[in-house]
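Peer 1: These protein sequence lines are chains A and B, in that order.
Under my numbering, the first residue of the first sequence is numbered 1, with each subsequent residue one higher.
Under my numbering, the first residue of the second sequence is numbered 1, with each subsequent residue one higher.
Among these hints, one or two may not hold up.
Identical chains share a label here; the pair holds if one copy fits it or two copies do between them.
Said to hold, decoys possible - The calculated lysine to any residue pairs, modelled on SDA-like cross-linking and capped at a C-alpha distance of 20 Å, are:
| # | residue 1 | residue 2 |
| --- | --- | --- |
| 1 | K354 | A325 |
| 2 | K346 | E150 |
| 3 | K146 | I135 |
| 4 | K192 | P7 |
| 5 | K333 | D355 |
| 6 | K161 | G395 |
| 7 | K77 | N115 |
| 8 | K146 | R70 |
| 9 | K192 | M386 |
| 10 | K75 | P380 |
| 11 | K187 | T352 |
| 12 | K75 | Y188 |
| 13 | K248 | L153 |
| 14 | K28 | L293 |
| 15 | K248 | L400 |
These are computed hints drawn from the structure, not numbers from a lab.
There are 2 protein chains.
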Amino acid sequence: MIQPNIPDSTLPRVVIVGGGFGGVNLAKALKHVPVQVVLLDRNNYHLFQPLLYQVSTAGLEPDSIAFPLRGIFRKQKNLVFRMAEVTGLRTSENILETGIGEIHYDYLVFATGSNTNFFGNKGIEDNAIGMKSLIEAVQIRNYVVKQFEESLLLQNPEDIKPKLNFVMVGGGPTGVELAGAFAELRKYIMPKDYPTIPQSLMNVYLIEAGPKLLASFSETTSQKTLEALQDLGVRVLTNTGVKEYDGKTVTLSTGEMIQTQSLLWSAGVKGIPVKGIPPDIILPNGRIIVNELNQVKSLANVYAIGDLAQMTNDPRFPKGYPMVAQVAIQQGKNLAHNLRQSLNNKPMKGFTYKDLGSMATIGRNRAVAEIAGIRMSGYPAWVVWMVVHLMSLLGFRNKLVVFINWFYRYFTYERGTRIIIKRGAANIVKLRQSIN
Amino acid sequence: MIQPNIPDSTLPRVVIVGGGFGGVNLAKALKHVPVQVVLLDRNNYHLFQPLLYQVSTAGLEPDSIAFPLRGIFRKQKNLVFRMAEVTGLRTSENILETGIGEIHYDYLVFATGSNTNFFGNKGIEDNAIGMKSLIEAVQIRNYVVKQFEESLLLQNPEDIKPKLNFVMVGGGPTGVELAGAFAELRKYIMPKDYPTIPQSLMNVYLIEAGPKLLASFSETTSQKTLEALQDLGVRVLTNTGVKEYDGKTVTLSTGEMIQTQSLLWSAGVKGIPVKGIPPDIILPNGRIIVNELNQVKSLANVYAIGDLAQMTNDPRFPKGYPMVAQVAIQQGKNLAHNLRQSLNNKPMKGFTYKDLGSMATIGRNRAVAEIAGIRMSGYPAWVVWMVVHLMSLLGFRNKLVVFINWFYRYFTYERGTRIIIKRGAANIVKLRQSIN
Chain A
1 MIQPNIPDST LPRVVIVGGG FGGVNLAKAL KHVPVQVVLL DRNNYHLFQP
51 LLYQVSTAGL EPDSIAFPLR GIFRKQKNLV FRMAEVTGLR TSENILETGI
101 GEIHYDYLVF ATGSNTNFFG NKGIEDNAIG MKSLIEAVQI RNYVVKQFEE
151 SLLLQNPEDI KPKLNFVMVG GGPTGVELAG AFAELRKYIM PKDYPTIPQS
201 LMNVYLIEAG PKLLASFSET TSQKTLEALQ DLGVRVLTNT GVKEYDGKTV
251 TLSTGEMIQT QSLLWSAGVK GIPVKGIPPD IILPNGRIIV NELNQVKSLA
301 NVYAIGDLAQ MTNDPRFPKG YPMVAQVAIQ QGKNLAHNLR QSLNNKPMKG
351 FTYKDLGSMA TIGRNRAVAE IAGIRMSGYP AWVVWMVVHL MSLLGFRNKL
401 VVFINWFYRY FTYERGTRII IKRGAANIVK LRQSIN
Chain B
1 MIQPNIPDST LPRVVIVGGG FGGVNLAKAL KHVPVQVVLL DRNNYHLFQP
51 LLYQVSTAGL EPDSIAFPLR GIFRKQKNLV FRMAEVTGLR TSENILETGI
101 GEIHYDYLVF ATGSNTNFFG NKGIEDNAIG MKSLIEAVQI RNYVVKQFEE
151 SLLLQNPEDI KPKLNFVMVG GGPTGVELAG AFAELRKYIM PKDYPTIPQS
201 LMNVYLIEAG PKLLASFSET TSQKTLEALQ DLGVRVLTNT GVKEYDGKTV
251 TLSTGEMIQT QSLLWSAGVK GIPVKGIPPD IILPNGRIIV NELNQVKSLA
301 NVYAIGDLAQ MTNDPRFPKG YPMVAQVAIQ QGKNLAHNLR QSLNNKPMKG
351 FTYKDLGSMA TIGRNRAVAE IAGIRMSGYP AWVVWMVVHL MSLLGFRNKL
401 VVFINWFYRY FTYERGTRII IKRGAANIVK LRQSIN
C-alpha cells in the first residue's frame with residue numbers, strides 16, 4: 001500500500017500543488033514560518049519556462065533549464081517534497097486526494113500553472129505542437145532535425161517545402177523568440193549542415209491574430225520587433241487567425257493556405273484543470289476565481305496563485321493579471337506573508353502587482369525590453385535580456401552551463417545539440433511505460 | 001518517392017555503414033583519398049560510449065557525449081551523410097538496400113558495432129536493462145530516480161529493498177564503472193536527497209561469472225579494483241553467474257537470490273546483425289569473419305571493421321580482437337590506408353593491433369590503468385583517466401561542458417541531472433511515433 005509517508009508534525013500544514021515559479025517562491029518564503037510545507041509536483045524538477053524555446057531550437061540542453069526540486073529545498077527543514085498528481089479534493093475534511101494517497105491540509109495552495117490553449121479547435125489540437133513542457137521542447141528539436149534529414153531524400157521542391165515551412169502561431173514573446181530562433185537556424189546552421197538544400201525552401205512564418213506583435217508592449221517596441229523579424233527573413237502576418245490545420249495544410253482567416261508539417265502553437269494558454277474544484281468557479285479559460293488574497297472563491301483555506309488564479313482587483317487588468325512568471329512569483333511571496341499573518345492572527349494584505357517590465361529576444365544581438373518605463377532595443381536590450389535570464393536561473397551549475405553554451409554559440413554560430421535521441425529495443429519501451 | 005539523393009561523382013564510392021569509432025575514423029582518414037564517401041547511420045550522431053555510464057548515473061547530459069555526424073564532417077567535401085538503416089545487400093550488383101533507397105557501392109564497409117548480448121536467456125533479455133545506447137542510458141537515469149521517489153512512499157523495508165537493490169552483471173570496465181557510480185550515488189547523493197530512507201536499504205551488487213574483475217587486466221589491478229569497490233560498499237560476487245531473472249528476483253548460479261527491480265546487464269556484447277550478409281559467415285556471437293585486411297569472407301569489395309569484425313590473425317587473440325574502441329579506430333585507419341593502396345594498385349597491409357592500454361574509473365579519485373606496461377591505480381590513474389577521456393571527446397564544446405560538470409561535481413559532490421523527463425500529451429506520442 002502506497003502512502004505519502006509525510007513525517008508527523010504538530011505545525012499547521014501547508015500543501016502546495018505545483019513547483020513552478022509560484023509554488024517554489026511560496027515554499028521558499030515559508031522557510032522560517034512555523035508551518036509544515038508539503039510540496040507536490042507531477043515532475044521532480046522546477047522548469048525555467050522562459051528559456052524553453054531555446055531547448056526546442058537546439059540552443060540549450062533540457063537539464064540546463066530544469067532544476068531538481070529536491071536540490072532547491074534540500075536545506076529547508078520544514079518542507080517535504082513528493083512526486084504526485086492530484087486526483088480529487090474533499091474540502092469538508094481538508095483532504096487532498098492524490099495518486100500517492102490522501103494528504104491532510106490546513107492550508108491548500110494550487111499553483112499548477114497553465115497549459116496550451118487550442119481554443120477548442122480539435123484539428124489544431126490534434127496536429128499542432130504546443131510549447132509548455134520540457135518533453136515537448138525536446139520533441140520539437142528532434143522533429144525539426146528529422147524534417148531536414150528527410151528533406152535531403154526528396155527531389156521535388158514541392159515535396160520539400162511542407163517539411164521546411166515552419167509556422168509559429170501567436171505573436172507574444174514565445175512566438176517571437178521561436179520565430180527568431182528558427183530564422184537563425186535558417187541563416188547560420190542550414191547552409192553549413194544542409195548545403196545542398198536551397199535556403200529558399202525553408203520559410204518561417206509568424207501568425208498573429210491581433211494587429212501587432214507583443215501586444216502588451218508599446219507601439220514603438222512592437223514595430224521594432226516586426227522589423228527585426230522581417231530583417232531576419234520571417235514572414236510576419238498580423239491581423240490573421242488560424243482557421244484549420246490538418247497536419248499538412250494550415251488555412252488562415254484570410255483564406256491563404258500554407259503547406260506545413262510543423263505548426264508551433266503559442267497563441268494562448270489556459271489554466272490546468274484541478275480535480276476536485278467545483279466547476280462553477282472555473283472560468284472558460286481554465287482559471288479559478290480568487291479574491292485579492294488569492295483565496296479560492298467559496299472554498300475555505302484553499303488558495304490559487306499564478307497562471308491558474310484569476311484575480312481582478314486591479315482596474316488595469318480587468319480580465320485578471322497576465323499569465324507570466326512575475327505575477328506567480330509575487331503572488332507566491334505575498335501569500336507566504338499572508339499565511340504568516342494569519343497564524344499570528346494579524347490581517348492579510350491584498351495583492352498588488354508590481355510590473356517589473358517585459359522583454360523578448362529576437363536573435364543574435366537583438367532584443368526588445370521595456371523596464372520601468374525605459375524602452376530598449378537592439379544590442380543593449382539583448383545584453384540586458386541575457387543578464388536577467390542568467391541571474392534568474394536556479395543554481396550555479398545551470399548558470400555556468402547556459403553561459404558557456406551562449407558564449408560558444410555567439411562566437412561559433414554553432415548549436416551544440418542537434419542530435420535525435422531515438423527509442424529502440426523492446427525493454428526500453430517497457431521501461432518507458434513504467435516511468436509514465 | 002524517397003531517394004538517397006547522393007550527388008553524382010565519377011570517383012569510386014566507399015559506402016560506410018555506422019558512425020561509431022570505426023566508421024568515423026575510416027571516413028576521416030579518407031578525406032584526401034580520391035573516393036566519394038557515403039556514411040550511413042541510423043542515428044545522426046557519433047556516440048562516445050566510454051562515458052555512457054555517466055549519463056545513466058546522472059553525471060553527464062546525453063548531448064555532452066554525442067556529436068552530430070554532420071558537424072564532424074562538415075568540411076570533408078568528399079563525404080555525404082545520410083540517416084538510414086540497411087535492409088539488404090545484393091553483392092552481385094554492388095547494391096546496398098536501405099530504408100531510404102538503394103545505394104551503389106564500389107567498396108562497402110560495415111562498421112555497425114555491437115549490442116548487448118543476453119546469451120539467449122529470454123527472461124534476462126525481457127527484464128534486464130542493457131547499456132549500449134544513449135536512450136537506454138537516459139532511461140536508466142529516469143528509472144533510478146523514480147525508484148527512489150517511489151521508495152519514499154513505502155513503509156515496509158521489505159517493499160523498499162527490491163527498489164533500491166541495484167545489481168550490475170558483468171565485471172568488465174562498464175560494470176565496474178557503473179557499480180562505482182551507483183555506490184557514490186548511495187554515499188553522497190542519497191543522504192542529501194532522501195535523508196528519510198535508511199542507507200542500509202540501498203545495496204549495489206556486482207556479479208561476475210569469472211574468477212576476477214577486469215579480466216583483461218593484471219592480477220594486481222583486478223585485486224585493487226575489487227578492494228576499491230568493496231571499500232565503497234559494493235557487494236562483489238565473483239565466480240557467480242546469473243541463472244534467471246523475472247524482473248523481481250535474480251537467481252544466481254550459487255543458488256542465492258536477490259530481490260531487485262533493476263538488473264543492469266553489461267556481461268557481454270554481440271555483433272549487430274547486418275541484413276544481407278550470408279548466415280554462414282556470421283558467428284554465433286554475431287560477428288562476421290574477416291581476413292587480416294578486414295575483407296568479409298567470400299564477399300568481394302565488402303569489409304567489416306571494429307566490434308562487428310572477427311579477425312583472428314593475431315595469436316594473442318585467437319578468438320578475435322577485443323570489442324573495444326581502440327581496435328575499431330585502428331582498423332578504420334588501416335582500412336583507409338589499404339583502400340588508397342588498392343586504388344593505386346599497390347599491395348594492402350595486414351592489420352596489426354597496437355594495444356594502447358586500458359583503464360577504468362571506480363569513483364572519486366579512484367581508477368586503475370595499465371598503459372604501455374605501466375600499472376597505475378588510485379588518484380594518479382584517475383587523473384590520467386580524466387585527461388584521456390576529455391581529450392578523446394569530439395568537439396571543443398563537449399570537452400568544456402564535460403570538464404565543467406566534472407569540476408563542479410568534484411567540489412560539490414553534486415550531480416546536476418537528476419530530472420525525470422516524462423511524456424505526456426497525445427500529440428507528443430504522435431510526434432514520437434513519427435520520429436521512431
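Peer 1: Evaluate K28 and L293 at a C-alpha cut-off of 20 Å and name the case that applies: within, between, both or neither.
Peer 2: within (19 Å within a copy, 66 Å between copies)
Peer 1: As a check of your reading, is K187 near T352 (CA-CA no more than 20 Å) within one copy, between copies, both or neither?
Peer 2: Classified as neither; 44 Å inside a copy, 47 Å across copies.
Peer 1: I want to check one pair: K192 and M386. Are their C-alpha atoms no more than 20 Å apart within a copy, between two copies, both, or neither?
Peer 2: So K192 and M386 fail the 20 Å test inside a copy (26 Å) and across (32 Å) alike.
Peer 1: At most 20 Å between CA atoms: does that hold for K161 and G395 within a copy, between copies, both, or neither?
Peer 2: Intra 42 Å, inter 32 Å, cutoff 20 Å: neither.
Peer 1: At 20 Å max between alpha carbons, let me know whether K248 reaches L153 within a copy, between copies, both or neither.
Peer 2: within (19 Å within a copy, 46 Å between copies)
Peer 1: As a check of your reading, is K75 near Y188 (CA-CA no more than 20 Å) within one copy, between copies, both or neither?
Peer 2: between (44 Å within a copy, 15 Å between copies)
Peer 1: Within a copy, between copies, both or neither: which one fits K146 and I135 at a CA-CA cutoff of 20 Å?
Peer 2: Close inside one copy (16 Å) and across copies (17 Å); limit 20 Å.
Peer 1: Are the CA atoms of K333 and D355 at most 20 Å apart within a copy, between copies, both, or neither?
Peer 2: within (15 Å within a copy, 62 Å between copies)
Peer 1: State whether the alpha carbon distance between K77 and N115 is at most 20 Å within one copy, between copies, both, or neither.
Peer 2: Answer is neither; intra-copy 32 Å and inter-copy 46 Å both fail.
Peer 1: At 20 Å max between alpha carbons, let me know whether K354 reaches A325 within a copy, between copies, both or neither.
Peer 2: within (12 Å within a copy, 58 Å between copies)
Peer 1: Within a copy, between copies, both or neither: where do K192 and P7 come within 20 Å Cα-Cα?
Peer 2: For K192 and P7, the Cα distance is within 20 Å only across copies (17 Å; inside one copy 57 Å).
Peer 1: For the identical chains here, do K75 and P380 meet the 20 Å Cα criterion within one copy, between copies, both, or neither?
Peer 2: Neither way: K75 and P380 sit 38 Å apart in one copy and 35 Å across, limit 20 Å.
The structure fails hints 2, 6, 7, 9, 10, 11, 15 (numbered hints given earlier, in ascending order).
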